[in-house]
Amino acid sequence: MAGTAERMAQNQKQVAISEFFEKNKHFLGFDSLVRSLITAVKEAVDNSLDACEEARILPDIRVKVTKVDDKKNIIELQTEDNGPGIPKRSIEKVFGQLLFGSRFHAIRQSRGQQGIGITGVVMYSQLTTGRKTHVRSKIATETSAAVVDIGLDTRKNKATKTNEDREIWELPDGSLKEHGLEITCRMKAKYQRGRQSVYQYLRMTSIVNPHADITFEDPDGEIHHWPRVTERLPRKVESIKPHPHGIHLGTLQRMCTEATDNRMTSFLYKNFSGVSTRAAKELLAAAEIDEKAKPKSLKAESYRALIEAFQGERLLNGKPVKLLNPPTNCLSPIEELLIKKGLSKTIDSRFVTTMTRTPTVTQGNPFQVEVGLIFGDGMAADKPVEVLRFANRVPLMYQQGGCLLTKAIESVDWRQYGLDQAGGRGVPKGPAAILVHLASTNVQFTSEAKEALADNEEVLDEVRKAMLEMGRGLRKHLEKKKKMAKTQEKFELVNDIIPAIAAKSAAILDRPIPDLAGSITKIMSAVIAESETVWNKETKQTDVTITLFNYTSRARAYTILAAWPEKDGATMEGNEHGGRKEATGVWAWKLDTLDPGQTFTLAYSLNGLERGDWTDTDVFFRGSQDVIGATKMDEKLLDEIRRREEVLADEESEEDGGDIKTDDKSDGDESDAPVEEEPPRTTGQQTLMGYGSDA
Amino acid sequence: MMSASHTPEETKAALHEVVTEMYDKIVKGEAPTMTLPVRTKNNIGFDNALGVYKYGKKRSVRDATSLGSAKQLLRALHVVEFIEEMIDAGKSSTLREMYYISESWGLGKFSSQNESNNLAEDLEVVTKCLREDFKLRPEEDGARMIGNLTLRELNRRGEWMRINARDDVGDSGYGVPYNVEEEKIELVEHDINFIMAIETGGMFDRLIENGFDEAYKCGLLHLKGQPARSTRRILKRMSEEWDLPVVVFLDGDPWSFRIFASIAYGAIKTAHISEYLATPTATYLGITADDIEAYDLPSDDLSSRDVDALKAELSDPRFADAWWQEQINMMLELGKKAEQQSLAKYGLDFVTDTYLPEKLADLGLA
Numbered sequence: 001m002a003g004t005a006e007r008m009a010q011n012q013k014q015v016a017i018s019e020f021f022e023k024n025k026h027f028l029g030f031d032s033l034v035r036s037l038i039t040a041v042k043e044a045v046d047n048s049l050d051a052c053e054e055a056r057i058l059p060d061i062r063v064k065v066t067k068v069d070d071k072k073n074i075i076e077l078q079t080e081d082n083g084p085g086i087p088k089r090s091i092e093k094v095f096g097q098l099l100f101g102s103r104f105h106a107i108r109q110s111r112g113q114q115g116i117g118i119t120g121v122v123m124y125s126q127l128t129t130g131r132k133t134h135v136r137s138k139i140a141t142e143t144s145a146a147v148v149d150i151g152l153d154t155r156k157n158k159a160t161k162t163n164e165d166r167e168i169w170e171l172p173d174g175s176l177k178e179h180g181l182e183i184t185c186r187m188k189a190k191y192q193r194g195r196q197s198v199y200q201y202l203r204m205t206s207i208v209n210p211h212a213d214i215t216f217e218d219p220d221g222e223i224h225h226w227p228r229v230t231e232r233l234p235r236k237v238e239s240i241k242p243h244p245h246g247i248h249l250g251t252l253q254r255m256c257t258e259a260t261d262n263r264m265t266s267f268l269y270k271n272f273s274g275v276s277t278r279a280a281k282e283l284l285a286a287a288e289i290d291e292k293a294k295p296k297s298l299k300a301e302s303y304r305a306l307i308e309a310f311q312g313e314r315l316l317n318g319k320p321v322k323l324l325n326p327p328t329n330c331l332s333p334i335e336e337l338l339i340k341k342g343l344s345k346t347i348d349s350r351f352v353t354t355m356t357r358t359p360t361v362t363q364g365n366p367f368q369v370e371v372g373l374i375f376g377d378g379m380a381a382d383k384p385v386e387v388l389r390f391a392n393r394v395p396l397m398y399q400q401g402g403c404l405l406t407k408a409i410e411s412v413d414w415r416q417y418g419l420d421q422a423g424g425r426g427v428p429k430g431p432a433a434i435l436v437h438l439a440s441t442n443v444q445f446t447s448e449a450k451e452a453l454a455d456n457e458e459v460l461d462e463v464r465k466a467m468l469e470m471g472r473g474l475r476k477h478l479e480k481k482k483k484m485a486k487t488q489e490k491f492e493l494v495n496d497i498i499p500a501i502a503a504k505s506a507a508i509l510d511r512p513i514p515d516l517a518g519s520i521t522k523i524m525s526a527v528i529a530e531s532e533t534v535w536n537k538e539t540k541q542t543d544v545t546i547t548l549f550n551y552t553s554r555a556r557a558y559t560i561l562a563a564w565p566e567k568d569g570a571t572m573e574g575n576e577h578g579g580r581k582e583a584t585g586v587w588a589w590k591l592d593t594l595d596p597g598q599t600f601t602l603a604y605s606l607n608g609l610e611r612g613d614w615t616d617t618d619v620f621f622r623g624s625q626d627v628i629g630a631t632k633m634d635e636k637l638l639d640e641i642r643r644r645e646e647v648l649a650d651e652e653s654e655e656d657g658g659d660i661k662t663d664d665k666s667d668g669d670e671s672d673a674p675v676e677e678e679p680p681r682t683t684g685q686q687t688l689m690g691y692g693s694d695a
Numbered sequence: 001m002m003s004a005s006h007t008p009e010e011t012k013a014a015l016h017e018v019v020t021e022m023y024d025k026i027v028k029g030e031a032p033t034m035t036l037p038v039r040t041k042n043n044i045g046f047d048n049a050l051g052v053y054k055y056g057k058k059r060s061v062r063d064a065t066s067l068g069s070a071k072q073l074l075r076a077l078h079v080v081e082f083i084e085e086m087i088d089a090g091k092s093s094t095l096r097e098m099y100y101i102s103e104s105w106g107l108g109k110f111s112s113q114n115e116s117n118n119l120a121e122d123l124e125v126v127t128k129c130l131r132e133d134f135k136l137r138p139e140e141d142g143a144r145m146i147g148n149l150t151l152r153e154l155n156r157r158g159e160w161m162r163i164n165a166r167d168d169v170g171d172s173g174y175g176v177p178y179n180v181e182e183e184k185i186e187l188v189e190h191d192i193n194f195i196m197a198i199e200t201g202g203m204f205d206r207l208i209e210n211g212f213d214e215a216y217k218c219g220l221l222h223l224k225g226q227p228a229r230s231t232r233r234i235l236k237r238m239s240e241e242w243d244l245p246v247v248v249f250l251d252g253d254p255w256s257f258r259i260f261a262s263i264a265y266g267a268i269k270t271a272h273i274s275e276y277l278a279t280p281t282a283t284y285l286g287i288t289a290d291d292i293e294a295y296d297l298p299s300d301d302l303s304s305r306d307v308d309a310l311k312a313e314l315s316d317p318r319f320a321d322a323w324w325q326e327q328i329n330m331m332l333e334l335g336k337k338a339e340q341q342s343l344a345k346y347g348l349d350f351v352t353d354t355y356l357p358e359k360l361a362d363l364g365l366a
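Those protein sequence lines, which keep their order, are chains A and B. Everything in the first sequence is counted per our numbering, starting at 1 for the first residue and increasing by one. Everything in the second sequence is counted per our numbering, starting at 1 for the first residue and increasing by one.
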């Protein structure tokens, strides 16, 4: 663990811009009292999440905001994590200098791209209250924790250390803290509730970091807890070399001057992704640079020529030089099922659909789009939907209107998918929330405030495509709901109204109440399936019942099939009617003949799931007469699923892991497995019914 | 006269037929039904014998295969039961009271007053009984009347009162009660040449202030917009029993045309009792479409709803004659409508000194 912590500390590059901060704090998220607090929380929590991720620790994060002086708007912020901690000698580096992460050299997806860093918090605290930031850090290899008060000399860009000491870090339960970091600072700030608040920031953070356990104690002493919903850490992201399409002149110059390579060919081949030796030679030929030229001694006009060759503006034999796309395994999407869990955790609602697009490339930068949509009664029906924007797992809370992600949402005509939208433009209205996450090695913002993503056609297109697909899922859900309401009406008709008509007419005419069976069969003239999927608190199981009603005048024979989350590791219990497995996640029961007016109920429980994992059971049937409330089994689809399973089973045994396959998502689902973790499994629902399910 | 009314026994028997239709269907193993005439303009036709528009032969069957119509049937049963209870107890209730009473009918409860009004009409149409037979009263009050005509009304103390609608009333005139049948109102004598039915209260009061009823020896009847059943009924009785011409003076817009049609030919909603309510001899005096031009009246543009209403009237059998087709088309061409009171453009006396005398002269009434 210590190795990780030290290596991470060394990677930080020093940039002397503390003076710049003092003059430009409004650019950096410290422009209002409310926002300053959010920014401070953001810097601390992002650091904690990044550190935990890199050290492969499941993060436990605690945030506490206390009002010290309400009149003067003085607030104390304390954050604590269980990350690797920072070695004592690195503390002043981490907290005392403005850091730029490592993005100029290593290209990868990281949260750190998005803020000025924790130093900004130290600086802001000092500027507004004159107080130093108290840091307590414990690394695994040492028995005690290091404590120190950090201040800043903003002109010299140097940390000032006071009250250095070591202490035993005891936890409230009396045990000793193994490793972690605690920061306590006082600043002029204001705590506020609402859409732009610390609460909202943490809530959103928890949605896209389902592996994190986050606790927040607000100034009123109220504790908000967002528990961890998965033990699976985000995939370790690999650094990649920059791609020629995404390189700017200044960067190229610096890379050349710092290069140790002797020849331009090897420099290009070794330092860029997507450049083969052949491509390197072609690029140099196009830029009219000698292959043997030393990178360090390249002339000014040659830089420009090379950039033009990179961009395909300089041709070779009348054609731009062909380059390979950069690898996309440097991205770490959250993945559908986990977004679903995250959303369900923080928003209490009925329908959730999520999807992760295949990674793709824009201007030499790999990116990947993930979206989620939640719909249901818990939210306001007459207000614009809540838009939850994220870049590299960091919530974006300001400048919603100017953001590319919002524009993509607005570009969809949501009316066709069942949401209100005046004129088919703008953010739709309805009881829904839409989540958009952009994972990229180079997130482009509209400004230094880093709250809105800059326009980019390829990204917009990807988000839009994802929105359309989710929209289709929503429409399907609403149609299903409508159908169910219709069935419900029919039940009310035959169970309540017809008997009442019979009783009342008999009473008025003073005659006996007639037998209703004939009328009911005539009115319904259908076979109806009703399924119920409920979480059983006592047994911690999901209980499923499927009831079949024969409201026709003839005897009927059916095979009923049900989807179940076998792939998620669930087991079926208490299934007294036996049946057999038809495919992974599909169980079938051949029923006895059902006479007119007869009903039959199947029941079983699913074990090994958590609450909310499986909330709706899709029912299928085989038989000649249609069944309302069930879908006729598509035998071809079933065969296809079976075939796919065989193929996957073969592939899995050969799988070596590590790469993201860029082929179509719908047939894969299993392919992006990292070496050390279990691959994410999608459920039978998605295979059989498309995306989306009731939650 | 009131040959329309039925004895309590006849009424109950007619209602039981409705119930029996439902009951028998259940016994036969079918969905219960209620059969009733189609109540739209597509199913009214001119009855030569009666001289009014009546429902045709088109029937619709309301069957209990959908939740909505099944609930309608159940409500009808509750209403039947309620009516029988009132008949037996010698009580009556307003339609609004019935709506509130339905609160205790569980699944058969009405969800709006409109629904209960429509159902009462459905039952009238199916059973050929009147809502008076059902002991159901409308909320609406009748119109006001002024002029030298005398009638006798049975008051609530059971005494017959003789009332002259000129000498025994104040400026607001005689108030027409909701029941104007013979058991309640007797037409005694008159000294007038015609009756004028007027749409708006403002115009009614204008004619009274100007002494028009005396100057032209006429009875004035305020319709209060779309006239209530009792207003149309008393107009018909006076026209028939006293053999008096009836002229109708309304605004010049598509809705006034409909008011006139309901007075003269029968309303679509009450076509089952048109012969008791309609006055086929009534004449439309104005405001006509050509008045707007001829008198250069201040006018408003037709709204899209007005235009739709006019277009619907073109295919309404009650407006099928040449004069109405011309008036409706003319109004569509003009794209204008005008109120009665727009005549005030030429002064307060213009209507009584010029407009009405000219129009009445065309009819030979002045």
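In short, the hints are calculated from the structure, not lab data. Note that CB positions come from ideal geometry on N, CA and C, so glycine has one too. You may find that some hints are simply not true.
Cut-off 27 Å, straight-line C-alpha distance, at most; resulting in silico cross-link-like pairs (DSS-like, lysine-lysine) [to be verified]:
id : chain 1 : residue 1 : chain 2 : residue 2
1  : B       : K109      : B       : K12
2  : A       : K292      : A       : K319
3  : A       : K407      : A       : K476
4  : B       : K54       : A       : K486
5  : A       : K486      : A       : K540
6  : B       : K91       : B       : K128
7  : B       : K58       : A       : K522
8  : A       : K490      : B       : K91
9  : A       : K241      : A       : K158
10 : A       : K522      : B       : K12
11 : A       : K581      : A       : K522
12 : B       : K109      : A       : K483
13 : B       : K135      : B       : K12
14 : B       : K91       : A       : K482
15 : B       : K54       : B       : K109
16 : A       : K383      : A       : K522
17 : A       : K636      : A       : K537
18 : B       : K41       : B       : K91
19 : A       : K322      : A       : K294
20 : A       : K383      : A       : K322
21 : B       : K28       : B       : K41
22 : A       : K522      : B       : K109
23 : B       : K41       : A       : K490
24 : A       : K465      : A       : K486
Per the computed footprint, the stretches of chain B lying under chain A, defined by three or more beta-carbons under 8 Å from a beta-carbon of chain A, are [claimed, not checked]:
id : region
25 : 110-124
26 : 261-271
These are the hints, each one checked on the structure:
Between K109 (chain B) and K12 (chain B), the direct Cα distance comes to roughly 22 Å. Compliance with the 27 Å bound is thereby established for this hinted pair. Restraint check: the Cα-Cα separation between K292 (chain A) and K319 (chain A) comes to about 23 Å, which is no more than 27 Å; the hinted pair holds. Taking the CA atoms of K407 (chain A) and K476 (chain A), the gap is near 24 Å; set against the 27 Å cutoff, the hint holds. Distance hint between K54 (chain B) and K486 (chain A) is unfulfilled; the C-alpha atoms sit about 38 Å from each other, more than 27 Å.
For the proposed pair K486 (chain A) and K540 (chain A), the alpha carbon gap of about 32 Å is over 27 Å, so the pair is violated. The hinted pair formed by K91 (chain B) and K128 (chain B) meets the criterion: a straight-line CA distance of about 21 Å does not exceed 27 Å. A threshold of 27 Å between alpha carbons decides the hint, and for K58 (chain B) with K522 (chain A) the separation of about 25 Å falls inside it, so the pair holds. Distance hint between K490 (chain A) and K91 (chain B) is unfulfilled; the C-alpha atoms sit about 38 Å from each other, more than 27 Å.
The hinted pair formed by K241 (chain A) and K158 (chain A) fails the criterion: a straight-line CA distance of about 32 Å is larger than 27 Å. About 30 Å separates the Cα atoms of K522 (chain A) and K12 (chain B), which puts this hinted pair outside 27 Å; it is violated. Note on K581 (chain A) and K522 (chain A): the hinted pairing is violated, with a Cα-Cα distance of about 36 Å set against a maximum of 27 Å. About 26 Å separates the Cα atoms of K109 (chain B) and K483 (chain A), which keeps this hinted pair within 27 Å; it holds.
Simply put, K135 (chain B) and K12 (chain B) have alpha-carbon atoms about 12 Å apart, close enough for the 27 Å limit, and the pair holds. Simply put, K91 (chain B) and K482 (chain A) have alpha-carbon atoms about 45 Å apart, too far for the 27 Å limit, and the pair is violated. Note on K54 (chain B) and K109 (chain B): the hinted pairing is violated, with a Cα-Cα distance of about 31 Å set against a maximum of 27 Å. Distance hint between K383 (chain A) and K522 (chain A) is unfulfilled; the C-alpha atoms sit about 44 Å from each other, more than 27 Å.
With a CA separation close to 38 Å, the supplied pair K636 (chain A) and K537 (chain A) exceeds the 27 Å bound. Straight-line distance between C-alpha atoms of K41 (chain B) and K91 (chain B) comes to about 35 Å, which puts the hinted pair past the 27 Å bound. With a CA separation close to 24 Å, the supplied pair K322 (chain A) and K294 (chain A) stays within the 27 Å bound. Between K383 (chain A) and K322 (chain A), the direct Cα distance comes to roughly 49 Å. Violation of the 27 Å bound is thereby established for this hinted pair.
Proposed proximity of K28 (chain B) and K41 (chain B) is contradicted: the alpha carbons are some 34 Å apart, above 27 Å. Proximity of K522 (chain A) to K109 (chain B) is assessed by CA-CA distance (about 25 Å); at most 27 Å being required, the pair is judged to hold. A C-alpha spacing of about 33 Å is found between K41 (chain B) and K490 (chain A), which places the hinted pair above 27 Å, so the restraint is violated. A distance of roughly 32 Å separates the Cα atoms of K465 (chain A) and K486 (chain A); the hinted pair therefore is violated under the 27 Å criterion.
Check result for the region 110-124 of chain B against chain A: violated, 0 residues qualifying (beta carbon to beta carbon below 8 Å, three or more required). Under the rule that three or more residues need a Cβ within less than 8 Å of chain A, the assignment of the region 261-271 of chain B is violated, with 0 such residues.
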